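Just so you know, the protein sequences line up as chains A and B, in that order. The numbering of the first sequence is the numbering used here, which starts it at 1 and goes up by one. The numbering of the second sequence is the numbering used here, which starts it at 1 and goes up by one.
Simulated from the structure, these hints should not be mistaken for lab results. Quick caveat: nothing in here was measured; it's all calculated off a predicted structure. Hints are supplied without guarantee of correctness; some may be wrong.
With a cut-off of at most 20 angstroms between alpha-carbon atoms, the simulated DMTMM-like pairs for lysine to aspartate or glutamate come out as follows [unchecked claim]: (1) B:Lys231 x A:Glu244; (2) B:Lys198 x A:Glu244; (3) A:Lys292 x B:Glu258; (4) B:Lys239 x A:Glu360; (5) B:Lys198 x A:Glu365; (6) B:Lys48 x B:Glu37; (7) B:Lys239 x B:Glu258; (8) B:Lys231 x A:Glu365; (9) A:Lys291 x B:Glu258; (10) B:Lys43 x B:Glu33; (11) A:Lys299 x B:Glu37; (12) B:Lys198 x B:Glu188; (13) A:Lys81 x A:Glu409; (14) B:Lys185 x A:Glu244; (15) A:Lys291 x B:Asp248; (16) B:Lys241 x A:Glu360; (17) B:Lys245 x A:Glu360; (18) B:Lys84 x B:Glu37; (19) B:Lys252 x A:Asp368; (20) B:Lys242 x A:Glu360; (21) A:Lys313 x A:Glu264; (22) B:Lys136 x B:Asp153; (23) B:Lys198 x A:Asp368; (24) B:Lys151 x B:Glu130; (25) A:Lys292 x B:Asp248; (26) A:Lys229 x B:Glu258; (27) A:Lys249 x B:Glu258; (28) B:Lys241 x A:Glu365.
With beta-carbon atoms standing in for the labels, derived distance ranges [unchecked claim]: (29) A:Thr131 x B:Lys250: 28 to 38 angstroms; (30) B:Pro45 x A:Glu244: 42 to 52 angstroms; (31) B:Lys252 x A:Lys393: 40 to 50 angstroms.
Selected chain A positions facing chain B (Cβ under 8 angstroms, derived; list incomplete) [as the list claims (entries may be wrong)]: (32) Lys249; (33) Arg253; (34) Arg254; (35) Arg296; (36) Ala364.
Cβ atoms here follow ideal geometry from the backbone N, Cα and C, with glycine treated the same way.
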Amino acid sequence: MEPLTTEMILVMMMIGLAVFLFIVEWVRVDVVAIIMMVTLPLLHLVTAKEAFVGFSSNAVISIIAVIIIGAGLDKTGIINKLVTPVLRIAGNSTSRVIIAISFTVAGISSFMQNIGAAALFLPAIQRVSKTLKIPISRLLMPIGFSAILGGTMTLVGSSPLILLNDLMVPFDLKPFGLFDVAPIGIALVTSGILCFVFLGRFILPQGTSDAVEDKTGDVLEGVIEDIGKIYEVHTPDDFTHYRESITVKDLKRRYMLNVVALTEPPDFKVISPGPEVEIQSSIDLALFGSKKNVLRMAKDEGMRIKEEPEIFKNEIAESVSGTVEAVVAPRSSLAGKTLNQVNLQDRFRVTPLAVFRHNETYRAEIGDLILAVGDAVLIHGTWSRLKILQEEKSLLFTTPIDVDILRPEKAIFAAGWLAVALIMIMVFKIQLSVCLMTGALGMIITRVLNIDEAYEAVDWRTIFLLAGLIPLGIATEKTGTAAWIAHESLRLIGDVQPIVLFTVIAILSTVFTLVISNVGATVLLVPLVVNMAIGANADPRMAALIVGIATSNSFILPTHQVNALYMGPGRYRSVDFMKAGIVISLLFIIVMISMIYLFYGV
Amino acid sequence: MAIITISRGSYSMGKEVAEKVAGRLGYECISREVLLEASEYFKIPEIKLLKAIHDAPSILNRISGGKQKYIVYILSAFADRITKNNVVYHGLAGHLLLADVAHALKVRIIANFDYRVGLVEKRDNILRNEASSILKKDDHERQNWTKSLYKVDSADSSLYDLVININKLTVDHAVDFICQAATYKELEATESSLHKVKDLALAYRIKSAFLKDGFDVSVTSDYGNVLLYTKGSDRSIQKLKKIAKSLDGKIKGMNNIEIHSGLPFPTNAV
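This is chain A alone, in the form it adopts within the complex (with noise of 0.2 angstroms):
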């Protein structure tokens, strides 16, 4: 047995003080690598500079530059379209949101980098926790895992199977092909998939959907679910004969139903009509009301409702408009004059839904209703068309229009500098971060995003943990700790079954890529498992293939660089990550096993 040196045994309770404060959680994880950053180069483990090179990494410029590429596609819709189609075919159901999203994602992350992936759709992924009410917490790791799972379906979805062929050349082994690895890929996410599906409602935590917390408080929630949501509905062809007239404000009378947008012959669209509209036959109507109001209103007047909004489905959308509460000013010029006064359909083409006064809601009859200064309005409308609203400060917006505008005519600038900078890694292999930076760079200078949003866009609890967490990749490696557990470990072994020996490897590769970074743990251990293979009878390409897998096989810790982004977001606590990730670690190396012994034929 190798003599353990002073420096290791403090590497290894430096580790072991990480995972400790990640359990135990008495500060918050990036606090815990900023601890790590601060305290290795005083202990002398690493230098001043290594301490904190982690920031001028590849991975995590990289990381910044993908998060601003994600919230550029995201300003222009793009992502949204992808991911319509995808609920599409999911409904409402949480189980096919998350099958659908996730295998969308870990089929995308396959071919790019997984945290690319996941942060492309992490905004899209919170809309869609907003609309469905599912609580983001049981969306985002599902997802997240199956990006990092989808990194192993092909050898260009993670940094540690494009490095594998590179680490092979020295032993003379026959190198991978792109899809070799499929197979245990398609297996690995097609089972933590299911598992997620199955056992979602163990390992996962049961948090609240993400647009109570984010958009609106308590007490705008309740009425908010009073009021309902938002319903497209078609009148029929003789809908104005012989019959008394229809109104705007009569469907409000009768049903309780906000007309925000119609159709009018032949083709325009009115976005919150005013309230002496007639309602014509054959037209579109997007409603704000209860389903049950909306059921009562489709009988009596023999409209038909559609299952998802289809002519107003743009406007309507989350990201285009919403939902805000606004309260009169002091001194407002709208107190003492009633909603129909005011009218704000006309002036500023947006609907108001009901009024809040001393802890009382008022949805009927609230044109007639005198303001005073401290009552809220329930107000529906664009967010261009709030934020006009807004800065004529007579109301004082207590939501935040937190959505931004949509710029949709930039989506072929986002889409043209994401193709700029794929095609830059893929033929011309320039550095990833180089790469990504180009791209996110050149969504700035095209106005896709301004510098202010896109440094808005960054998630800086993500930044610090991985650049605090990489000088102790960095200490673990320099002072031969990792070189000593894995000589240790594979020493303790000793001669055994090659499947044995490989899953022993894959523990191993996974204890490793919990702590060190993925590439740091398959650099080290493919000459190391390769060695034991041969000296084992075993297949050494198998060993090293294990190793390439499994230094993905990193659920435990939110350690890996999509865990530690969707950890914010999702308000995970490390402890969420243990519970799922032991299950998914556990099942990921079964999986990979059984996989390599049926089509390998180890």
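Based on the hints, put chain B in the right spot on chain A.
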């Protein structure tokens, strides 16, 4: 297709006119039936209801709301009844209740005082002076009743579509006029006027339900969307909400219910 309300002073031949109009048009003639229905529905002895509509509420009654409660029950039964349409109603306050209903023909039958005194004298076999004072007292009470509850004078002709004086004109003439008016296009029931009657019945039904629990609230209903108006405190609002919740799904035709507190009561609230 109309609702005809016939308001009358005592011994003004209003009842006869109502019965003959109903007979000729094939309508249902209702008056006392409303009391019976209210008595049955709200489990209140008929005599108490009868007393409530006969005597103007005393100050004590106004404070306790005793009689007012019974009147609401009666009006609730009446409003329920007229949702069926093709009805002639002769009784108290029908014209006031249906003031906003387009297809209601509001008729007032009056008669010369001497003529009425003669009728009382003959029917009760009493002296003329005695009959005269009975009639005056009765007129005064009726007038007081309407004034105290609705703040209007029942003799005000602007409350009616048609006022017929049975003097030169006979009961049959009055019946002719009313039956003719009932056929006018302007009195045809429309979708919205029918809804108005249904809403009225619903508002009274809701008001009665709250009165039963000791809460006097003003109620409007618009296509089954019920609004309760109250000046009550936060505590009483919580109680009102509780009652409102308990009514959900129990009262036919009620689609939504909402409490508005501290707001001016609309004039059409019951």
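Agreement of Lys241 of chain B and Glu365 of chain A with the hint, judged by alpha carbon distance not exceeding 20 angstroms | holds (18 angstroms)
Verdict for Lys252 of chain B, Lys393 of chain A (Cβ pair) under range 40 to 50 angstroms = Holds, since Lys252 of chain B and Lys393 of chain A (Cβ atoms, about 48 angstroms apart) stay within the stated range.
Taken at face value, is the distance from the CA of Glu130 of chain B to the CA of Lys151 of chain B at most 20 angstroms?
-> violated (30 angstroms)
For the pair Thr131 of chain A and Lys250 of chain B, does the Cβ-Cβ distance stay inside 28 to 38 angstroms?
-> holds (35 angstroms)
Hey, Lys249 of chain A versus Glu258 of chain B, does the alpha-carbon distance stay inside 20 angstroms?
-> holds (18 angstroms)
Below or equal to 20 angstroms on CA atoms is what counts here, so check Lys291 of chain A against Asp248 of chain B.
-> holds (16 angstroms)
Cβ distance range 42 to 52 angstroms for Pro45 of chain B and Glu244 of chain A, holds or violated | Because 44 angstroms falls inside the window, the suggested range holds.
20 angstroms limit on alpha-carbon distance, applied to hinted pair Lys81 of chain A and Glu409 of chain A = Within the cut-off at roughly 14 angstroms; holds.
Holds or violated: Arg296 of chain A as interface residue toward chain B, Cβ cutoff 8 angstroms?
-> holds (6 angstroms)
Are the Cα atoms of Lys313 of chain A and Glu264 of chain A separated by 20 angstroms or less?
-> holds (16 angstroms)
Tell me if Arg253 of chain A is really an interface residue toward chain B, meaning its C-beta lies closer than 8 angstroms to one of theirs.
-> Given a least distance of 5 angstroms, the restraint on Arg253 of chain A holds.
Could you grab the alpha-carbon distance between Lys198 of chain B and Glu244 of chain A and see if it respects the 20 angstroms cut-off?
-> This hinted pair holds, its Cα atoms lying about 18 angstroms apart.
Comparing the model with each earlier hint shows violations of hints 1, 11, 19, 23, 24, 32; every other hint is respected.
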